[in-house]
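One line per chain: the protein sequences are G and V, in this order.
Residue numbers are given in this note's numbering: position 55 of the first sequence equals residue 55, and the series is strictly consecutive.
If you want this note's numbering, it's the 1-based position in the second sequence plus 470.
Since the hints were made in silico from the structure, they are not lab data.
Be aware that a few hints might be false.
[Claimed, not checked] Derived lysine-lysine pairs resembling DSSO-like cross-links, with alpha carbons at most 30 Å apart: (1) K171/G <-> K250/G; (2) K171/G <-> K540/V; (3) K121/G <-> K254/G; (4) K649/V <-> K540/V; (5) K582/V <-> K757/V; (6) K254/G <-> K405/G; (7) K765/V <-> K171/G; (8) K582/V <-> K726/V; (9) K171/G <-> K802/V; (10) K649/V <-> K757/V; (11) K7/G <-> K254/G; (12) K757/V <-> K171/G.
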Amino acid sequence: MRDLKLKHAIEELEGMRYMIECLPLQAAPTRRYLMALPWLTNAGAMELEFGRCRQAIGFMEEEADLAAAITLRLHQLRDIHGTLAHIAAGNTPDDIELFELKHAWLLADDIRQLMQRSKKKVIDIPETYPVLQLLDPEATRVPTFYIYDCYDTLLAGLRQQVAVARREGRKDAEELLRDQILEREIVVRQRLGDDLHRQSQLLNSTMEALVLLDLVLAKAVLVQQMDLSLPAISRDGQTTLHQMFNPQIKALLKEKGKAFQPVSITLDSMPVLITGANMGGKSVLLKTIALVQMLAQFGFPVPALKAQISPVKQVMISSGDSQSLVLGLSSFGAEVKRLDAIIKAARKGHQVLALIDEPARTTNPDEGEALARALVELLSRLKVKSVVTTHYNGHRFKCRKMRVKGFCSELPQNLTPEAIGNFFDYTLEPDNDTLPRHDALLVASLLGLDEELIQLADQNLNNRKTEHTR
Amino acid sequence: MPFTGDILNYRSVAVVGTAKNTGKTECLNYIIRQLQSRPVTLAITSVGIDGESCDQVTRTPKPEIDIYSKMVFVTSETHFRQRRFTAEILDVSGRSTSLGRLVTARALEPGKVLLSGPSDTGSLAHALMQLRRHGVDLTLVDGALSRKSLGSPTVTDAMILNTGAAFSANMPTLVRKTKFICDLIALPAVHSTTREALRLMETLCAVNSQGRITDLGTTSVMGLDKSLPGFLQHGTTLFVPGAVTDKLLQHLIMQKEVKQIRLIVRDFTRIFASQETVQSFLNRGGKMEVLYNTKLIALCINPTAPDGTLMNSDALRDALSEKTSLPVWDIKKLALQSCAT
Chain G
1 MRDLKLKHAI
11 EELEGMRYMI
21 ECLPLQAAPT
31 RRYLMALPWL
41 TNAGAMELEF
51 GRCRQAIGFM
61 EEEADLAAAI
71 TLRLHQLRDI
81 HGTLAHIAAG
91 NTPDDIELFE
101 LKHAWLLADD
111 IRQLMQRSKK
121 KVIDIPETYP
131 VLQLLDPEAT
141 RVPTFYIYDC
151 YDTLLAGLRQ
161 QVAVARREGR
171 KDAEELLRDQ
181 ILEREIVVRQ
191 RLGDDLHRQS
201 QLLNSTMEAL
211 VLLDLVLAKA
221 VLVQQMDLSL
231 PAISRDGQTT
241 LHQMFNPQIK
251 ALLKEKGKAF
261 QPVSITLDSM
271 PVLITGANMG
281 GKSVLLKTIA
291 LVQMLAQFGF
301 PVPALKAQIS
311 PVKQVMISSG
321 DSQSLVLGLS
331 SFGAEVKRLD
341 AIIKAARKGH
351 QVLALIDEPA
361 RTTNPDEGEA
371 LARALVELLS
381 RLKVKSVVTT
391 HYNGHRFKCR
401 KMRVKGFCSE
411 LPQNLTPEAI
421 GNFFDYTLEP
431 DNDTLPRHDA
441 LLVASLLGLD
451 EELIQLADQN
461 LNNRKTEHTR
Chain V
471 MPFTGDILNY
481 RSVAVVGTAK
491 NTGKTECLNY
501 IIRQLQSRPV
511 TLAITSVGID
521 GESCDQVTRT
531 PKPEIDIYSK
541 MVFVTSETHF
551 RQRRFTAEIL
561 DVSGRSTSLG
571 RLVTARALEP
581 GKVLLSGPSD
591 TGSLAHALMQ
601 LRRHGVDLTL
611 VDGALSRKSL
621 GSPTVTDAMI
631 LNTGAAFSAN
641 MPTLVRKTKF
651 ICDLIALPAV
661 HSTTREALRL
671 METLCAVNSQ
681 GRITDLGTTS
691 VMGLDKSLPG
701 FLQHGTTLFV
711 PGAVTDKLLQ
721 HLIMQKEVKQ
731 IRLIVRDFTR
741 IFASQETVQS
751 FLNRGGKMEV
761 LYNTKLIALC
771 INPTAPDGTL
781 MNSDALRDAL
791 SEKTSLPVWD
801 IKKLALQSCA
811 T
């Protein structure tokens, strides 16, 4: 398995991309760093990151002026990874690179001093003096650069001589001196490059600290903007998601003046089967569980009132709408591949969170149900932490079962399709092997499907029940 | 000193030429020399010049601009590295041109530099703003009047036009063609509210007498002969986002409402129609306006051309001055005079 980076996660889950795009990052280098963020599986590393977030949230709230001053400076920080790599490789930087470095380090120094005034321990910015004294030898703190006279007495002398030759109109002498100056500047740059190369580690750790600071402050802003929370790390394998919501859908609903109904669920190391009507939010539920788990394991706050996360090695999603066309497989073919990957990972003993949306729904219902039931049984045997949704009859499955509550008992007359959501309860309740509810026809009828078609379907359903009783 | 005093009334002045070898670089170098002793912070950059150090047409090396101590200049990374004098870097732009990012620097001693500044109008406007933040009083812009150029020098406050024997070897023709360009530069600008409304439009638009804008949904004037009468029902003011060609104007001339038609062009550099067609459109009662205009403050002449053509400088100056009512200067003569004094 490849090392999972954030850039892979945003390709896999649209909700993840949405969250990252909402991050109010200030500094230009942060995005590059962000894409390479690693998947955290170590509880200690996750707790360290959430501890930082907690400090940052307090910092933003209690020291808003300081935070604003830092944000302003982070915003001016440019992406100089090319320059840093060039210096780290032992190359001689040119004046433009030295300017970039000086510009960045004056900002770093400002930020470091501002951070030192804070009571919070968000991020420690390393000492800036060793680099600044090289780039700002006259300690003017002006963000401009050239090869200063004070770098080299020989250079300073040549520059004085060229000025005299120019004043006296000695063209040939002037040109000769210019060549010598250019040569000497190269020597000075080489020396400066060597001195900076010796500070490579400090250069990189300072830039990383600045980027981490930008990132953690952006997370703190997101917590406030989206009502996110910092998850606790569970060490007993149990994941509890209390009042979880999907920020992207919540924002869409808010635009229409509607509210997102939060959902709670607990997962242990066994499959949970979710049943419920169409439009009951089952797919959204799976994607939101995936989102919460991924955000937490990349060290981000999560969209839930409260969450306890048990880290896993991998989140594996199997849903009908993934890009099977790209692989040239039929939707069933693509699904088979994904399910097989989940089972293979489980057999290897990998801790995975498997989120499977309506397995085997695209094939014939007899075999489909047999396959879905077998899948749940195998997931139970292999003790895979998983959530499986289905429209097949839940009472034939052997595992923990939950059901989307669904329609309120009394529906108003002339319910419009847009208003259906208002009379629908998206919360989950334990499903104790009750008989399957037939909400599909109700939903179809509410959506305005042809009446005769609905009536015929209803008759078919009744006929089948009678056959069964016989 | 002639006309350099005038220049100081503006924050930015573009220097453009009607053709190659009309003396643009000499003109820039002359202005720079004259302003050297003035207590102003001067900056120089270019727009829409592709920045090749060798001229693509004549294969002659591109001229370098004289920079004096304390002067600010904006050029690409590539050309910045080629300089042979000490300069303090003030800023490096985020955006990149084909020759790298733009470097803003202050010369710490005199020298020469190849200019390759912003490539498009928006970047030029941004650079002009940034230069003010660096304490620059006046920015000179080496501009191109080329149809291939994405950068129009019309975002500057004022303009100096260079013309000469290289534009036309026949004096009456030269005067007539130069006068035409002067007229285009002098086209009136639309009201600022109209400009704001049309600035970002990239399609043909009609504006009615109430100022209502209708997006006509096309960028091209192909097949315009058939659709034009329909378009004009939405308003007789037409905004053309791209080039104004002979064909477009000929279609307009043929409309019975030609007297009511007001054509809005982005700026004068977008007018590629011939003088005859433009004149015919205006004579029939049509009007032309621009979103951006600039003030033409002087003409500079070069009476010689590389092919050996030599005109009488005084006669050319008088003829142009009479036709355009603008101050006209022969830069070479001025330079000689200032050397003599």
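Structure-based check of each hint:
no.	hint	result
1	K171/G <-> K250/G	violated (74 Å)
2	K171/G <-> K540/V	holds (21 Å)
3	K121/G <-> K254/G	violated (36 Å)
4	K649/V <-> K540/V	violated (37 Å)
5	K582/V <-> K757/V	violated (45 Å)
6	K254/G <-> K405/G	holds (23 Å)
7	K765/V <-> K171/G	violated (40 Å)
8	K582/V <-> K726/V	violated (57 Å)
9	K171/G <-> K802/V	holds (23 Å)
10	K649/V <-> K757/V	holds (18 Å)
11	K7/G <-> K254/G	holds (28 Å)
12	K757/V <-> K171/G	violated (57 Å)
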